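Engineer: Given next are the chains, with one letter for each unit.
There are 2 protein chains.
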Amino acid sequence: MTSARIADYINANQFDEPCLIVDTEVVRENYLSYAHALPDTRIFYAVKANPAPQILSLLAKLGSSFDCASMQEIEMALAAGATPDRISFGNTIKKERDIARAFDAGIRLFAVDAVAEVDKVARAAPGARVFCRILCDGEGAEWPLSRKFGCATTMAPHVLGTARDLGLEPYGVSFHVGSQQTNLDAWDKALAEAAWVFDAMAQQNVYLQMVNLGGGFPTRYLRDVPATEAYGEAIHGALIKHFGNALPLTIIEPGRGMVGSAGTIRAEVVLVSTKDVEFDVRWVYLDIGKFGGLAETMDEAIRYKIRSRRDHDEMAPCILAGPTCDSADVLYEKNHYPMPLTLTVGDEILIEGTGAYTTTYSAQAFNGFPPLRSVIL
Amino acid sequence: MTSARIADYINANQFDEPCLIVDTEVVRENYLSYAHALPDTRIFYAVKANPAPQILSLLAKLGSSFDCASMQEIEMALAAGATPDRISFGNTIKKERDIARAFDAGIRLFAVDAVAEVDKVARAAPGARVFCRILCDGEGAEWPLSRKFGCATTMAPHVLGTARDLGLEPYGVSFHVGSQQTNLDAWDKALAEAAWVFDAMAQQNVYLQMVNLGGGFPTRYLRDVPATEAYGEAIHGALIKHFGNALPLTIIEPGRGMVGSAGTIRAEVVLVSTKDVEFDVRWVYLDIGKFGGLAETMDEAIRYKIRSRRDHDEMAPCILAGPTCDSADVLYEKNHYPMPLTLTVGDEILIEGTGAYTTTYSAQAFNGFPPLRSVIL
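If you're matching them up, the sequences are chains W and L in order.
If you're matching positions, the first sequence starts at 1 in full-length UniProt numbering and goes up one per residue.
If you're matching positions, the second sequence starts at 1 in full-length UniProt numbering and goes up one per residue.
For reference, chain W alone in the conformation it holds in the complex:
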């Protein structure tokens, strides 16, 4: 899954510290694949997945819109060439002063999931469009969602009705089926809920226009995942089933699916050891771990594909850990990871599918280690 351009870059360079290399050609292919699979859907790239300026400006040129989690991300999207009408302030948790700053910058589309958030938007962004996020159970997702975002579907009409009463434009409904979602039926269930909210609002003479299908589109780690086309078909079928011939505008917010497969981390083996003379499980320590960019290995949620130049040798399970003095900085311990028996100190390691949620997650200076560096090709 490491592109030829990335492989060439790694072979031509020396590395003192771990480094993420991203191939923007793969990002372009991923964007076009979404645009092809869901031709009637607007694509809002989830900037938090990887906000590298080169990625944002490529996507802006391709016509993408942007889902932003903070005022800083809005500024990055604007700097990359996106106009304010192509930006959504998609975080349901916003300071009122940040809403005001976004409104001043021309942003008119805001996510909400509670009356208290509607109050803030009404004060700081009068007349803006809001969409209400509803809770999904996230079943089938590898990085499941808690109940942190969204309200019960039955509460959404109250939230959107309050928005209307306060002079905002109730615009639609959003949900998120869970990141790295591989169950195609997940969208069917969520769209049934969204259609229920549309009906309930119509009874108040409020006609919603938009369904935000969220993200959740997977990137390939170790297991095969359904192709983007299969997602497109499943979503299109579910839309027709639940909305008939009154199809809403739709948007999607891919993040991991847009950039995950476009990146590979080049790392290094720092130590291979056992804990006892007769104890046979090897510990393999890398120069990157949970605090250096691989935060999504938390609870061993995401299992990356890890390669070395010795993968043709005999493999045996081992425990993989990071380089910090923190005992929680262990990547795979419950489910051991097979690595070559010949693996040794100084060996190069490629961690694939790491284009999303790595650089920005990495700790600013934990144990004195610098945050993960990235190179964009």
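Source of the hints: derived by calculation from the structure; they are not laboratory data.
Treat each hint with caution, since some may be false.
Claimed, not checked - Result set (DMTMM-like, lysine to aspartate or glutamate): computed pairs, CA atoms no more than 25 Å apart in a straight line:
no.: 1; chain 1: W; residue 1: Lys-275; chain 2: L; residue 2: Asp-119
no.: 2; chain 1: L; residue 1: Lys-275; chain 2: L; residue 2: Glu-314
no.: 3; chain 1: L; residue 1: Lys-275; chain 2: W; residue 2: Glu-96
To be verified - Derived list of chain W stretches under chain L, where covered just means 3 residues or more per stretch with a C-beta under 8 Å from a C-beta of chain L:
no.: 4; stretch: 86-95
no.: 5; stretch: 363-371
In this text, all values refer to a predicted model and were calculated from it rather than measured experimentally.
The C-beta atom is built at its ideal place from N, Cα and C for all residues, glycine as well.
Knowing the structure of chain W, use the given hints to seat chain L on it.
Structural biologist: Same frame as chain W, but now just chain L:
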């Protein structure tokens, strides 16, 4: 637990983002309290807990030595005025080129827990002193240690014997009883193991000199913890019990215990909501969470004392979460946290005992949010 100087600073200033405020007077008191409780023990401050230059230079002036996890931390300790003989490269996982850099900078004391690490030290730091870390079970600790660091006690003579064979100086044994350790007996068990290694090495005519008692000294969060004096007495008693009148040199590596109680994070309530009309558990969203510096709430391990100006009002349990679009960014969900029922958007929140393991852990730019800022008084 927020010192008067910190409270005054917070009252006199405006904050747009979360901020850690550290009172160096409290750090000074903590240092003197260790020095008093363990007068014959050298104190190596664990730089990773908080590497702020003002903290390092204060401790250097007070006579502290420094336990460093990386070459970057070694450079920070040297810049703060520590001489190389007061610095230990205490990470058992080191790149050989970093060992060489440390040796060039004059560092002569290195941690090891495996033969492969001894090989690297022998090549890159010829003649240096090494101490071997042994495994402890961490029972009784709030932030338990995995098996990541250390080898079985019975393997330590092999590791230290190899060091001797390769021209290094086998200097001692280290262990770590687990961070935030409140069980005073933990040191007794570990010292028995350390004494066993001393005996086994003496049979090879190698006379170890030093026991590194590690860290684990707790800071007070919500529960009372034994006073530093009680630790000193327990450790002194265990040393005499296991080493008799041939007491070794001892060092300790407090990190959390040195700076944890010296810091308070000033944060803010961004949103208070419920997920359903009839659902009564409130969600309280702060502008700081797991990725903004409170990483140690992982698995709800560390339960900070959180205060607001409304704490005299009626309290009710709530779920506390951070501001990012990440569903894992929830602080306390399994064990709800009591907060005032009157708590509202914009309220100031003080998170106490946060001087350790907060700034450096924080993500460099997750969701576009800047890393945790700190002010050192």
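Engineer: It remains to establish, for every hint, whether it holds in the given structure.
Structural biologist: Results of checking the hints against the structure:
no. : hint                  : result
1   : Lys-275/W - Asp-119/L : holds (16 Å)
2   : Lys-275/L - Glu-314/L : holds (21 Å)
3   : Lys-275/L - Glu-96/W  : holds (20 Å)
4   : 86-95                 : holds (count 6)
5   : 363-371               : holds (count 9)
The structure is consistent with each of the numbered hints, conforming to all of them.
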